[in-house]
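S.K.: Same order as they appear, the protein sequences are chains A and B.
Residue numbering for the first sequence follows the working numbering, beginning at 4 and increasing consecutively.
Residue numbering for the second sequence follows the working numbering, beginning at -6 and increasing consecutively.
Check before you lean on any hint, since a few could be wrong.
[Stated by the list, open to error] Using 25 Å as the maximum straight-line C-alpha spacing, the simulated SDA-like pairs for lysine to any residue come out as follows:
| id | chain 1 | residue 1 | chain 2 | residue 2 |
| --- | --- | --- | --- | --- |
| 1 | A | 116 | B | 122 |
| 2 | A | 116 | A | 149 |
| 3 | A | 78 | B | 166 |
| 4 | A | 128 | B | 212 |
| 5 | A | 78 | B | 212 |
| 6 | A | 199 | A | 228 |
[What the hints assert, rightly or not] Some chain A residues flagged as far from chain B (calculated, every beta-carbon gap over 10 Å):
| id | residue |
| --- | --- |
| 7 | 23 |
| 8 | 101 |
| 9 | 155 |
| 10 | 202 |
These are calculated hints, taken from the structure and not from any lab test.
Idealized CB from N, CA, C, for every residue including glycine.
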Amino acid sequence: MILVKDAVLVVKHLTVYRETYAALQDVSFAIDSGTDVAIVGPNGAGKSTLVQAILGILPRQAGEVFVLGQPLSPKGALTHAVRQQIAYLPQNFLFDRRIPITVEELVGLGWGKLGFQVPWADSRKRHHAVREALSRVEAYHLKHQLISGLSGGETKRVLLAYCLVYPRRLLILDEAPAGLDVRGESEFYRLLYHLKQEQGWAILQISHDLDRVRRHCDRVLCLNRTLLCQGIPEVALSPDNLAAAYGSEFVRYRR
Amino acid sequence: MTRILELFQLPFMQRALLGGVLTGLMGGMLGSFTILRQLSFFSDALGHSALLGISIGLLLGLNPSMVLLPFAVVFALVVTYLLERTRLWTDALLNIIYSSSLAIAIITLSFVGQYKGGLNTLLFGDILAVRELDLVFSALLLCICTLFIGMTLRTQMLMTLHEPLAIARGVSVSAHRTAFIVLLSLVVGLSIKAIGVLLVSAFVVIPACAARLLSCTFTQYVLLSAGLGALSAVVGMGVSAGLNLPSGPSIVTTQLAFFLMAMVFPRLRMLARE
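Start from the sequences, fold in the hints, and give me the full structure.
M.R.: The structure is reproduced here in structure tokens:
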């Protein structure tokens, strides 16, 4: 059992209702720094709901969430100091492509705190961080482009730079690599590995790619409305556990 | 030209010019976010509904300008509440609200009897009737808008781009949304006297759209939108004085001219490059 004060993220007995049904019931787990944890489960299992409840985007009906030892208030509030330590990449990042914002401006929004400040606050430090982050995802050449002109893969890389532009402790990814080509995807996982190993980031990612999960993740949470099992990939992704999450047909097919 | 300069020696023309510039700056600045958040129709609906506020004021024997601002704020809060609570489309809901308030306003006006200002003034405004007190209010509101948008620029940008991303960063999206709508309705409410209920939304929408077509970065877009708003007011007032045309419509026509130029300009530049 990981203690609340040591873990990056602790979720205790989390229950979330959507409309009238329980999308999540009594989910408990904890994540330590420097670990990569995957959430797997079929469509409609409540994976995105779980992530959004942790971030305070969706309200919860019961349970507790602690990020870096600090409780998430029932209304979904955390202090700015803790918020700055979290980065989130949503699933199907849909935005209005007519919004005239450049890659550089978008990545800059990820830096530091938001709130009352003059627009040019710390601009030199911010520009430097934006340059570094864009170089790391090999998107520096896109700096001055409007986001309307980006391809799907480029958009993903730029959003990853938005997450990387500031040092974090927890990175939450909702099916992040979808839309990247084979090379982009392996680059992406290499980058995650680096963040985890060398900078001690904790990573919580929703994934459908069970082979990737087996190779890259330290722990797996099998979810289908409730937490069916959790553990190292060899155990959590064993045929019995997969059958419980996805149904036995699925396991027979994969063999 | 000398005629225009002579006219602008007159105090009421100077007040009108200053009022137009202040309204242009505020409308352009807030308008840049309004169109991206797809709230253009909100300013239109508020303009039309303001007639209800004015007619209630007349019925109660109050000065219409005194009623407009509180009415605009209440209207904004009610619309925001309804938008969050019902699952209807924004434009459909706004249509219900504005056509019904317009209907009630006309019925109310029929009880008031002969309004000495005339319906025409309400519909198209009278920028020449702008008083010093109006200018003080406008200047104050411009300061508040600049301070609010300036100090929360990055938050506003993130919210406009993707709300869940902003929530994940700890932005209180609903509080920010309400604050923005209240400011927008104050700007619209304050401008109605000068520009009238029918044309007021042009100040919010047209300069911002023109700026969108010309901008390469977000910051540039917001500044250009405010700048075009002010410039249209100056040029429009000049045209109005020189050709003896109604001032509100002259400014809106100038905004249209800038918009059309903004549509053509990038193509010209591309042609020149070839």
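S.K.: Each hint needs a verdict: does it hold in this structure or not?
M.R.: Status of the hints after comparison with the structure:
1. A/116 - B/122: Not OK: residue 116 of chain A and residue 122 of chain B at ~46 Å, beyond 25 Å, violated.
2. A/116 - A/149: Roughly 23 Å separates the two Cα atoms, so the pair holds.
3. A/78 - B/166: holds, 12 Å
4. A/128 - B/212: holds, 18 Å
5. A/78 - B/212: violated, 32 Å
6. A/199 - A/228: With a Cα-Cα distance of about 28 Å, the restraint between residue 199 of chain A and residue 228 of chain A is violated, given a limit of 25 Å.
7. 23: The claim holds: residue 23 of chain A sits with its nearest Cβ about 15 Å from chain B, beyond 10 Å.
8. 101: violated, 7 Å
9. 155: holds, 16 Å
10. 202: Label holds. Min Cβ-Cβ 20 Å, cutoff 10 Å.
Checked against the numbered hints above, the structure violates hints 1, 5, 6, 8; every other hint is satisfied.
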